[in-house]
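Work out the full structure: start from the sequences and follow the hints.
Residues per chain, in single letters:
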Amino acid sequence: MHKYYLTHLQELESEAIYVIREVVAQFDRPAILFSGGKDSIVVTHLARKAFWPAKIPMPLIHIDTGHNFPETMAFRDNLVADLGVQLIVGSVQESIDKGRAVEESGINASRNELQIVSLLDTIESHKIDAAIGGARRDEEKARSKERFFSHRDEFGQWDPKNQRPELWNIFNGRKRMGEHFRVFPISNWTEMDIWNYILQENIAIPSLYFAHNREAVYRDGTWLPASEFLVLRDGEKVENKLMRFRTLGDITITGGIESDADTLEKIVAEVSATRSTERGNRSDDKRSDTSMEDRKKQGYF
Amino acid sequence: MELLRFTTAGSVDDGKSTLIGRLLYDSKSIFEDQMAAVKQSSERKGLQHIDLSLLTDGLRSEREQGITIDVAYRYFATPKRKFIIADTPGHIQYTRNMVTGASTANLALVLIDARKGVVEQTCRHSFIASLLKIPHIIVCINKMDLVDYSEDAFNKVVEQYEDFAAKIDVTDIRYVPISALEGDNVVNDSVNMPWYKGESLLHTLETIHIGSDENHSDARFPVQTVIRPHAAEYHDYRGYAGRIAGGIFKPGDKITVLPSGLTSSIRSIDTYSGPVEEAFAPMSVSITLEDDIDISRGDMIVKDDSEPEVSQDLEVMLCWMGTKGPRPGAKYHLKTTTREVMAIIKEVSYKLDINTMEKLENAGDIKMNEMARVRLRTTQPVVFDEYRKNRITGSLILVDEATNETVAAGTILV
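Here the protein sequences line up with chains A and B, keeping their order.
When you line the first sequence up against the working numbering, it's residues 1 to 301, in that order.
When you line the second sequence up against the working numbering, it's residues 1001 to 1414, in that order.
Be aware that a few hints might be false.
Between beta-carbon pairs, the in silico distance windows are [stated by the list, open to error]:
(1) Ala-1231(B) / Arg-176(A): 31 to 39 Å
(2) Arg-219(A) / Thr-1171(B): 52 to 60 Å
(3) Val-89(A) / Ser-1296(B): 31 to 39 Å
(4) Glu-1233(B) / Arg-219(A): 48 to 56 Å
(5) Ile-1092(B) / Asp-159(A): 18 to 26 Å
One side only, chain A facing chain B, incomplete, derived with CB under 10 Å [what the hints assert, rightly or not]:
(6) Thr-7
(7) Pro-53
(8) His-151
(9) Arg-152
(10) Leu-167
(11) Met-192
(12) Asp-193
These are computed hints drawn from the structure, not numbers from a lab.
Virtual Cβ for every residue (Gly too), placed ideally from N, Cα, C.
Here you go:
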């Protein structure tokens, strides 16, 4: 009997494939939320595995803040061409132009929260009934209680105190018209699992994750990349650093770390030795103790 | 590296959050910035020590009330295993959360205060573990520092629990004397209890044998969806996609599709990485058959040597989760594996007192957090096994037709 067991990565993979297949079986118009970050890349890879030899039977949705890393956009377009799937782009700039969202001002201005409006508008206009995301429960405390199948009301909102119980591997995707689900197939993965899996499967990821030289500014304990959107404060100066990113989001809020890890093996070694969480470099989480919970209630990823 | 899922239940007083915090902290799974945030919050509240429970109690209302009201999932890994903790509250009004946490666990940690011994909550947690067929229990006798690390105190509690354990259906039960606060026997062996010859809690978690927890004898493959590529290269390809729920499948095996009863044999078992020579639980694969027969979502592919039950009448132990009890004559969507049918509750045989396992006849309507043995009648046949034989093919949920809420979870008895 000894040989009949799976490694933890095989078991997590099997669980995620099961969840993705449940989405396609239970919903009419599912989609994958694709940010260009490693987690959504892994989810997309898992979806490819789940339906092989068929193509992924749903579109990818990308919410374009207009403040992107150029590398992420090029990576996205290549991947979509390779998969042969439809790409739906929701534009934050468009939401601002239409008056649906108002640009933040000030020195810490970011379009991160504005994504919520564009995301919900895109879900509504394309009648998406299940949006698959790459969120993990280990990322943040509000996410630790998230379900695999997470119900959203007709306003796209999450009610953390009134979630459906989720038992065994039976997922209840029943809903009323106008409601939708967020589904998180890699809920049980940690950052370490993601990196080990990317290494094991040799999954392509944007070059931003590998050490490279870049102009950046040191602010709040992290290296913010210089870009046309970054406003310098008094005393700050742009430096050239050998660095890499642990997570990818908007270019205005994603800080990097000094690192010389330029291969997947070195990244795995670095991550396993590191002593701070990956979202520690995300200024959007630092606004308050429960800022993730507040954004999630409104409809954030 | 294997994956072990375990569940804990408890309230603020019994040190559960401290124990989890200790496991995470001593196994170096807490990062510096998380620790700094917890330290800051503790200081803001005027606490003298660092409150490790702040690491696990995530939602705002819980932080305000200082209680755990939902299931929180926590992760840590050692070089030997990856662990998923389903951390649940322990009070009776959260029975449904405990049942949820227990449903996917291989192991339950039961915490006992060494000063108090076996109490009602100990029994409740153990009964839930037993009803949900968790194969292993580790009884942590905690707060040993408050009983002078006394061997007698430990033995007394072990004896008490052994007497009680005759009533539950779990064969692998182990005992570890610990102090979650001081760290004795949690990760490191205690210097304060030289009389204890067993392993520390973490060492036990790392080495306990879980390889035979899956059912590898009765082959079960619930079909999730059918893969048809519509591409020239795979023109006639029909793959049945699913996750194996039990047993071992190989190409050439004779199979039966239930409930239709159609038969064929396996042509190939496919994955993205290539075909495999055998597949077992819990692998996700696609199966192709030699014959073109009618199969769709909700059907189960099984091997001829051991067939599951097929019936429209089910005897079930229900845990009611809806805020309102069942309405007389109400219809529910019954979901089990990938199959969905309508069901009604024909009869309530008895309610179960979850503190004592006593059967309560004529005990009135079923309310939230109560357990009851019921008979269900379904519109279409259901394919199932007894829950004690297979936790996947023997489990079900009921979904309210009007609200779409999951209102009950059930384990199938026969």
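These are the hints, each one checked on the structure:
| no. | hint | verdict |
| --- | --- | --- |
| 1 | Ala-1231(B) / Arg-176(A): 31 to 39 Å | holds (36 Å) |
| 2 | Arg-219(A) / Thr-1171(B): 52 to 60 Å | holds (58 Å) |
| 3 | Val-89(A) / Ser-1296(B): 31 to 39 Å | holds (35 Å) |
| 4 | Glu-1233(B) / Arg-219(A): 48 to 56 Å | holds (52 Å) |
| 5 | Ile-1092(B) / Asp-159(A): 18 to 26 Å | holds (24 Å) |
| 6 | Thr-7 | holds (6 Å) |
| 7 | Pro-53 | holds (5 Å) |
| 8 | His-151 | holds (8 Å) |
| 9 | Arg-152 | violated (13 Å) |
| 10 | Leu-167 | holds (4 Å) |
| 11 | Met-192 | holds (7 Å) |
| 12 | Asp-193 | holds (7 Å) |
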